[in-house]
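Undergrad: Sequence lines, in order, name chains D and W.
So the number in this note's numbering is just where the residue sits in the first sequence, counting from 1, plus 43.
So the number in this note's numbering is just where the residue sits in the second sequence, counting from 1, plus 979.
If you're looking for bench data, these hints aren't it; they were derived computationally from the structure.
The C-beta atom is built at its ideal place from N, Cα and C for all residues, glycine as well.
There may be inaccurate statements among the hints.
What the hints assert, rightly or not - Non-contacting residues of chain W with respect to chain D, defined by C-beta distances greater than 10 Å in every case (computed): (1) 995; (2) 1034; (3) 1040; (4) 1054; (5) 1071; (6) 1098; (7) 1153; (8) 1158; (9) 1204; (10) 1231.
As the list claims (entries may be wrong) - Covered by chain W, per the in silico footprint, the following chain D stretches (three or more residues, Cβ under 8 Å): (11) 66-79; (12) 109-115.
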Amino acid sequence: MPSMAERPDLTVDLGRGLHLRSPVMVASGTFGYGFDAPQVDRASLGAIVSKGTTLRPREGNAPIRIAETPSGMLNAIGLQNPGVDHVARVYAPAWATWDVPVIVNVAGDSVDEYVAVARRLDRVAGIAGLELNISCPNVQSGLQFGVDPALAAEVTRAVRATTDLPLIVKLTPNVTDIVAVARAVQDAGADAVSAINTYVGMAIDVRRRRPIISRASGGLSGPAIKPLALHAVWQVATEVRIPVIGVGGIMTPSDALEFLLAGAAAVQLGTVNYVRPQAAAEIHDGIAAYLVEHDLPDMRELPIRTASVLTHV
Amino acid sequence: MTIAVERISSSPSGGGQGRGIVVERSVPMAGAVELVLNHPPSAAAIAPGQFFQLAVGAPHTILRRPYSAAWSDPAAGLIGFIFNVVGAGSAWLSARYEGQELDLLGPLGRGFDLEGERPVICVAGGLGVAVFPGVVQALIARGRTVIVLQGARTDSHLLPSNRFQGAEVRLATDDGSAGYRGSVVDLLGNLPPPLRGRVGEGGIDILTCGPTPMLTALIDAARRQEIPLSAIQVALETPMGCGIGTCLGCAAPRAGGGYLLTCQEGPCVRADRIEWSLMMDAFHG
């Protein structure tokens, strides 16, 4: 543990006034709306990202919703949430009294729905920012916003025009070229991107002869996807100017440091919150200890310079 | 519209994380293992029917495993778990021996409501019996009359009846090697005379845990015998992720539509809260 005198600066600037005291965030869908999991030490968190929130309440998918797979888990919760009005009316006033900022993850079926959710949250005390979840099925076109740079840019631009809140766009890895989507949302006004959301996968119960998850497929998270997520962050961070938030299978301080070295400005913890409630504190302290050990005053010098790496290969 | 995540007040899942030491490992019945942990805070805090999330170290596993405590002894600081080996996680747990540590998170969720004066019938199917030793002990301590109906595949798969001191135990096995040959649910229709007359009038409470087909058969039998479902409490078993209300993975179909979370509103819920017509397809079909 660093002493007070040599405590490094762990603050992060995600743009548009969104300053975090710590690079350790909790990922959407793994921490509810921040009212549960009292076992997690809030003091080490830079921000809480809420469950995906839609315009109307959603009941979510029929069980079974989750399945463990090797070093990971699949989930298909189905955006169970109480709707944006409840979030703005009931949760936000509580958040306004917290010392950790809460970023609302916004989901929708159409550009209009994203805009309506953003409008309801605009200028509401307690809302520190928005994270656009653009990897949900687009009912209108049968596509996903997140897999098409033009659609991703369209929804980002529409929300950008609706609110001055800090705007993060969460990228899906289920694409051919994640950099193209990242560039598109940057140019459309995103302040930061989080990379990545879950990978689509499935598991089958051979005894029951049916998919374990009721909706057949689900999103794969956990250490199984960490190398994939790390590579996505590496690619995106090299090609965009805005901060990248690294997400995907982080379990330990070393995992988090890999993402910071790959170019992430901050990290989000997901599946580990289910397993080790103390992980956020351990990872926060581990990053601080690493900076002290390497005589770095802050995290700005952490990202590996691509050019120097290239000259070594 | 009622949605589980609307809850804003602190959840029931305020259990702490700790490390218990295995002080005893035994095989209480065929295919099952019983671990006794020394962990005084958990032993003191648990209410019958609550569960713990046990961390497992099996390679390539990641999630904790939810287990109801079988019993606890607060004075001795002990807590017992009975489980069978169904996969990598439970296999790892079954290979824990005296002196080893286990990481446990809990107690979590809501236990059985044990208040009241009426006789209680505990209906246990298969490994569902694991939750009942502590429940029966607590009921007896409250002065309630308790009948345990236990069903299993064979005689050797039954938890010995001496684990239910003070209760009357009736047995059913699939092969007839002990007690009645057939489903434990059938025993509900053949209770001793003083109770038989009270069954249809809401004069008893039923607590149950077991496989989904047994639970749905019990609900069907209850409806036939005009037992109000509100008099039945079920310890639900669903796939579970976090156990603390954040992953929303442990959904069970709620009566009237939507879903409830087993880790928050359960695992022990009144049977009238569940949409039973959807349970078989969700968890067994």
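Undergrad: If a hint holds in the structure, say so; if it does not, say that too.
TA: Results for each hint:
1. For residue 995 of chain W, the condition that its CB be more than 10 Å from all CB atoms of chain D is violated, with the nearest at approximately 7 Å.
2. In this structure residue 1034 of chain W is not separated from chain D by more than 10 Å, as the shortest Cβ-Cβ distance comes to only about 7 Å.
3. Residue 1040 of chain W, annotated as away from the interface, has a beta carbon of chain D within 10 Å; the closest lies near 7 Å.
4. With a least beta-carbon separation of about 27 Å from chain D, residue 1054 of chain W lies farther than 10 Å from that chain, consistent with its non-interface assignment.
5. Distance check on residue 1071 of chain W: its Cβ is at least 13 Å (rounded) from any Cβ of chain D, clearing the 10 Å threshold; non-interface status holds.
6. Non-interface call for residue 1098 of chain W relative to chain D: holds, since the shortest CB-CB distance, roughly 33 Å, exceeds 10 Å.
7. With 10 Å as the threshold on Cβ separation, the claim that residue 1153 of chain W sits away from chain D holds: the shortest Cβ distance comes to roughly 19 Å.
8. Interface exclusion of residue 1158 of chain W from chain D stands, the closest Cβ pair being 28 Å apart, more than 10 Å.
9. The claim that residue 1204 of chain W lies off the interface holds: its Cβ sits roughly 28 Å from the closest Cβ of chain D, which is beyond the 10 Å cut-off.
10. With a least CB separation of 6 Å from chain D, residue 1231 of chain W falls inside the 10 Å interface cut-off, contrary to its annotation.
11. Given a C-beta distance limit of less than 8 Å, the hint that chain W covers the segment 66-79 of chain D holds, as 7 residues qualify and 3 suffice.
12. Under a criterion of three residues with beta carbons nearer than 8 Å to beta carbons of chain W, the stated coverage of the segment 109-115 of chain D is upheld, 6 such residues being counted.
Comparing the model with each numbered hint stated earlier shows that hints 1, 2, 3, 10 do not hold.
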